[in-house]
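Asker: In the order they appear, the protein sequences are chains Y and H.
Start counting the first sequence at 4; every next residue gets the next number (the working numbering).
Start counting the second sequence at 18; every next residue gets the next number (the working numbering).
It is possible that some hints are incorrect.
[Said to hold, decoys possible] Straight-line Cα separation of at most 25 Å, DSS-like style, residue types lysine-lysine; simulated pairs:
{"#": "1", "chain 1": "H", "residue 1": "LYS110", "chain 2": "Y", "residue 2": "LYS538"}
{"#": "2", "chain 1": "H", "residue 1": "LYS191", "chain 2": "H", "residue 2": "LYS209"}
{"#": "3", "chain 1": "Y", "residue 1": "LYS568", "chain 2": "Y", "residue 2": "LYS538"}
{"#": "4", "chain 1": "H", "residue 1": "LYS197", "chain 2": "H", "residue 2": "LYS209"}
{"#": "5", "chain 1": "H", "residue 1": "LYS191", "chain 2": "Y", "residue 2": "LYS538"}
Honestly, the hints are just simulated from the structure, not real lab data.
Note that the structure is a prediction, hence the values are computed from the model and not measured.
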Amino acid sequence: MRRWYLFVIGLAAATAAFCAWKFTDVQLRWVAAGGSYMVAGLYAWYRRPESKTGMLLVLTGCGVWSSLAEATRVPVFWTVGSALEASWLPPLVYLMLSFPTGRLTSATQRFVVLACLTLVAVGGIFGSLFYNPADFGCQNCQPRLNLILIHSYPDYVRFWGGFVLLSVIALELVVVLALYGRRASVAVRNRLISGAVATIVVALCSSLLAPHNTLEVLRQTPVLVILPVTVTVMVIARWWRASPPAQRVLGPMLLPASAFLLAVAAQQAIGLLLNYWTVFKPTPYLFQLLTTIAVVASISLPVTFLLGLARARHRHTVVSDLVVELGDLPPAEDLERALSKTLRDPSLSVGRWDPADLRYVHADGTTLALPAEGSGRTATLLERDGRPLAAIVHDEALLENDGLLDSVAAATRLVVENERLHAEVRAQLADVRASRARIVVAADAERRRLERDLHDGAQQRIVSVCLDLKLAAASLGSDAEPALRDRINEAAEGLQEALAELRELARGIHPAVLTEEGLGPALQSLTERARIPTKLVYRVPGRLRPTVEATAYFVASEALANVAKHAQASRATIEVSHEAGQLLLEVADDGVGGADPSRGSGLRGLLDRVGAVDGGLQVLTLPGQGTRVLAEIPCA
Amino acid sequence: MRVAVADDSPLFRAGVVRVLADAGFDVSAEVGDATALLAHVAAEAPDVAIVDVRMPPTFTTEGLQAAHQIRAHHPATGVLVLSAVVEPTYAMKLLAGGATSVGYLLKDSVLDLTEFADAVRRVGSGKTAVDPVVIAQLLDRQRAGSPLDALSQREREVLGLMAEGRTNTSIRDKLFLSPKTVETHVRNIFMKLGLVETDDDHRRVLAVLTFLRA
Chain Y
4 MRRWYLFVIG LAAATAAFCA WKFTDVQLRW VAAGGSYMVA GLYAWYRRPE SKTGMLLVLT
64 GCGVWSSLAE ATRVPVFWTV GSALEASWLP PLVYLMLSFP TGRLTSATQR FVVLACLTLV
124 AVGGIFGSLF YNPADFGCQN CQPRLNLILI HSYPDYVRFW GGFVLLSVIA LELVVVLALY
184 GRRASVAVRN RLISGAVATI VVALCSSLLA PHNTLEVLRQ TPVLVILPVT VTVMVIARWW
244 RASPPAQRVL GPMLLPASAF LLAVAAQQAI GLLLNYWTVF KPTPYLFQLL TTIAVVASIS
304 LPVTFLLGLA RARHRHTVVS DLVVELGDLP PAEDLERALS KTLRDPSLSV GRWDPADLRY
364 VHADGTTLAL PAEGSGRTAT LLERDGRPLA AIVHDEALLE NDGLLDSVAA ATRLVVENER
424 LHAEVRAQLA DVRASRARIV VAADAERRRL ERDLHDGAQQ RIVSVCLDLK LAAASLGSDA
484 EPALRDRINE AAEGLQEALA ELRELARGIH PAVLTEEGLG PALQSLTERA RIPTKLVYRV
544 PGRLRPTVEA TAYFVASEAL ANVAKHAQAS RATIEVSHEA GQLLLEVADD GVGGADPSRG
604 SGLRGLLDRV GAVDGGLQVL TLPGQGTRVL AEIPCA
Chain H
18 MRVAVADDSP LFRAGVVRVL ADAGFDVSAE VGDATALLAH VAAEAPDVAI VDVRMPPTFT
78 TEGLQAAHQI RAHHPATGVL VLSAVVEPTY AMKLLAGGAT SVGYLLKDSV LDLTEFADAV
138 RRVGSGKTAV DPVVIAQLLD RQRAGSPLDA LSQREREVLG LMAEGRTNTS IRDKLFLSPK
198 TVETHVRNIF MKLGLVETDD DHRRVLAVLT FLRA
């Protein structure tokens with residue numbers, strides 16, 4: 004960055020030193036104008052390196068100075084000056100249309116800047132290749148003044164060059180519209196494109212048919228008259244459509260920019276009229292006036308950019324500081340303090356809307372009274388979708404600087420809205436967690452009830468029926484048919500098998516021993532029935548909450564079932580301990596490992612089950628090194 | 018032998034009473050809850066009280082608690098607990114207080130009329146009765162490198178019958194063995210399992226069950 008400064012300063016000094024002598028008064032005014040851009044640009048560049056404004060001002064200054072280099076009649080400088088005659092135009096127009104952000108926002112803006120660049124490239128640099136000043140009445144010019152002259156071609160310079168320039172610009176219009184005009188409706192875009200094509204066709208036809216001097220009018224009119232007028236309209240339109248704070252930033256440059264551009268356009272228009280309409284005889288005073296306006300406007304323009312930048316800076320800094328300060332969801336008092344600091348109003352107070360009580364409340368819960376008319380204080384009310392959000396009560400004087408107040412209000416709205424959303428999400432999360440926990444508790448209770456119903460209802464009934472059958476068989480006399488006795492006994496045996504199955508089913512739903520004797524005995528029973536040798540280490544005294552016991556039991560039971568199904572293990576261990584309000588349960592095996600909780604519903608179901616009681620579940624597994632399922636269940 | 022029956026299901030209770038009556042027992046009372054049973058035991062001191070684990074009011078383990086109270090306060094009355102589920106834990110808890118005159122059977126066991134009558138008789142005469150299904154669960158448990166693997170098939174059968182609370186005589190009758198053979202099996206089992214042999218049948222049951230549960 005520093006080298007850039009040195010380069011620019013060096014270039015500026017060299018140019019200035021060279022330009023400083025031999026110039027006429029008018030030229031010296033332009034030297035001063037260029038200097039004004041240089042100084043303002045370097046200052047802006049130094050103070051606000053992140054903004055493009057400084058760089059664009061410096062480029063404009065360089066352009067102004069280099070266009071003056073022609074007057075030196077030294078071949079190198081003359082060539083540079085001639086080729087870059089209009090090079091001040093693109094950076095200046097870019098700056099006017101993009102200030103202060105440095106971003107072009109519409110297809111039209113891009114096209115206009117591109118047209119300016121084309122003017123420099125095609126009209127200036129490319130045209131210079133065919134421009135011999137001797138052909139244009141420069142008697143005391145040196146023969147080799149233009150170092151890049153490849154072929155002296157006065158007709159190109161006078162006529163064809165204009166046609167080429169127009170065609171290229173029209174082509175660019177088509178390209179820019181195609182690239183950036185996507186948001187425009189198809190109809191509008193088509194109309195613009197056909198307009199551009201028509202321009203090319205007209206230029207082509209008229210170049211063939213029209214007398215040469217008409218062509219020159221055609222060439223100069225759009226470029227040197229229409230362009231400044233267009234840019235003026237765009238600059239004013241931008242200011243007109245901007246929000247009040249943005250208008251404050253754009254405001255200072257509005258007058259000098261439009262005065263400068265219109266004066267340049269008028270000068271060109273008058274020049275053209277003088278050339279081709281002999282009846283027109285303006286007073287020399289008009290010309291002088293326009294030149295003075297252009298120079299004065301031009302010299303003051305960079306200063307107004309600096310002023311706008313300072314205004315943008317002030318707003319930007321204050322609000323961005325505020326946003327940074329409020330970044331981490333501050334407690335309510337901090338918001339008030341930050342706002343009163345930003346707005347320099349120590350008596351400022353903030354109240355959040357309480358929809359239940361229909362009032363604004365302070366951080367401490369007291370009501371925020373809205374000030375009465377004429378009390379010197381006023382309230383800025385923040386809303387979201389028509390619903391009140393918060394109120395800032397502040398000094399009435401702040402209303403005069405409403406750009407700042409708007410921004411601060413916007414930042415505050417963000418904070419308050421964010422707070423509200425956070426609280427809402429927290430409340431919802433708490434609701435969801437509570438309901439998830441309730442669902443688990445309800446499901447457990449339901450399973451217990453089901454198990455009990457199976458035992459006390461179906462099982463008892465089947466036992467009784469079976470008993471009846473047995474007693475009936477026993478009471479058959481010795482003369483009874485043996486086949487009948489056998490059939491009754493078979494039926495009774497079938498029922499007994501059904502009883503055994505029913506018992507297993509009920510146990511799978513919810514083992515009675517878990518409810519009645521607790522987790523330890525239930526796990527003991529689980530290990531006794533496991534399909535692979537399983538050891539239980541149980542180090543928890545006393546009973547735990549039913550939900551905790553049920554969760555731990557189902558984790559152990561499901562994990563053990565997984566071991567039997569997938570692990571190809573030769574043994575497993577269940578370890579349960581109790582530490583700092585957490586029940587720690589570990590089911591480990593010596594199997595093939597590689598269990599993945601994301602696949603298969605078994606482990607996934609365990610995660611959900613443990614999550615429902617705010618616990619955690621980890622599955623540690625490596626291929627060939629067994630699997631450990633670790634559950635942490637809060638049981639305080 | 019006088020027997021009291023406590024079960025909240027009238028249907029099941031009636032079935033049990035009928036089985037007992039058919040087998041020649043004198044049913045002294047049939048009640049629907051633990052309080053009534055305790056009152057009856059205190060007043061009439063039957064030889065055996067048959068108790069359902071789950072009874073009113075909470076339908077959890079009222080029967081077990083009643084059983085413990087009877088064992089503590091009325092040692093003359095044997096307790097046979099009937100359970101809907103296969104849980105060695107309950108059996109162990111009952112036996113832990115001294116394995117005399119106590120039994121833990123599945124409700125289904127009522128269906129095996131003679132075995133059930135035999136179990137009631139055993140409990141009534143101061144012995145022990147543990148349901149074969151419960152013992153089977155313990156014997157069938159998967160173990161890694163257990164001394165049980167060293168037992169022969171016959172020895173396992175004998176071990177199971179010992180765990181049910183049967184005496185050597187009962188085992189002999191059940192397996193059609195000579196008294197000498199049963200004694201040899203029992204001695205071998207204790208040696209292989211590394212248990213200290215005891216002549217006391219109750220301690221024997223407890224020792225075997227403890228071994229199987231470990």
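Asker: Each hint should be assessed against the structure and marked as holding or not.
Answerer: How the hints compare with the structure:
no.: 1; hint: LYS110/H <-> LYS538/Y; result: holds, 21 Å
no.: 2; hint: LYS191/H <-> LYS209/H; result: holds, 23 Å
no.: 3; hint: LYS568/Y <-> LYS538/Y; result: holds, 18 Å
no.: 4; hint: LYS197/H <-> LYS209/H; result: holds, 18 Å
no.: 5; hint: LYS191/H <-> LYS538/Y; result: violated, 34 Å
Violated hints amount to a single one, hint 5; each of the other numbered hints is respected by the structure.
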